[in-house]
Amino acid sequence: AQTVTQSQPEMSVQEAETVTLSCTYDTSESDYYLFWYKQPPSRQMILVIRQEAYKQQNATENRFSVNFQKAAKSFSLKISDSQLGDAAMYFCAYRSARGSQGNLIFGKGTKLSVKP
Amino acid sequence: DSGVTQTPKHLITATGQRVTLRCSPRSGDLSVYWYQQSLDQGLQFLIQYYNGEERAKGNILERFSAQQFPDLHSELNLSSLELGDSALYFCASSEAPLYEQYFGPGTRLTVT
Chain A
350 AQTVTQSQPE MSVQEAETVT LSCTYDTSES DYYLFWYKQP PSRQMILVIR
400 QEAYKQQNAT ENRFSVNFQK AAKSFSLKIS DSQLGDAAMY FCAYRSARGS
450 QGNLIFGKGT KLSVKP
Chain B
123 DSGVTQTPKH LITATGQRVT LRCSPRSGDL SVYWYQQSLD QGLQFLIQYY
173 NGEERAKGNI LERFSAQQFP DLHSELNLSS LELGDSALYF CASSEAPLYE
223 QYFGPGTRLT VT
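Sequence lines, in order, name chains A and B. Here the working numbering is used: the first sequence runs in plain steps of one and ends on residue 465. Here the working numbering is used: the second sequence runs in plain steps of one and ends on residue 234.
Where hints are given, some of them may not hold.
[Unchecked claim] Below, simulated SDA-like cross-link-like pairs (lysine to any residue); rule was C-alpha separation at most 25 Å, straight line:
| hint | chain 1 | residue 1 | chain 2 | residue 2 |
| --- | --- | --- | --- | --- |
| 1 | B | 179 | A | 374 |
| 2 | A | 457 | B | 179 |
| 3 | B | 179 | A | 407 |
| 4 | A | 457 | A | 412 |
Hints in this document: simulated from the structure, not taken from any laboratory. Because the structure is a prediction, the values reported are computed rather than measured.
One chain only, chain A, in its complex shape (with noise of 0.2 Å):
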């Protein structure tokens, strides 16, 4: 079964610095996809970025980019220029390329504080 770690419960970063967020999953698949989720105190869930396995090169979306290392299955979130509006959960989470099912396998999610 695959699973996914996020091994920092609490982050911090001040205002326009930047901070990573790290994840590592377990799976012994070859084609899956792999995300990360912004949950503000809204409770809402965004999507943040996506990354395909069989890509080599690293998705970007604006200030967010990912280190994508299929080797070492690891996954970090790189979150630029830091903004208060960035504070919130974020999830690390992996899918799988393969059958029909596509659920979402999430981490326990790291809590980002941004300081003015």
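Mind docking chain B on chain A? Use the hints.
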């Protein structure tokens, strides 16, 4: 706004009771997923439907059941409620099983 709607937003009920949570997927989405978010278990997948048929089951208790109707909305039924069932229940939808999932705002269930 993801386009996925969930009702009610909040639900407070007593132990032993039964409740129904409702989800309307985005227009055109055929697949619906239910997730439970609790403090001790985190975010867990419960069950998936695709075009009215059950497609996958996760950590769903026998006291819980779900269905997807012909108009594609889905309902999650929780019975014989226990204190530990208090959680945030999310519905997500996607065009097809391996497509992007869009989450609803969730239903906060409190069992007293």
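Query raised in the report: Hints broken by the structure, by number, lowest first?
Result: As far as the earlier hints go, only 3 is violated by this structure.
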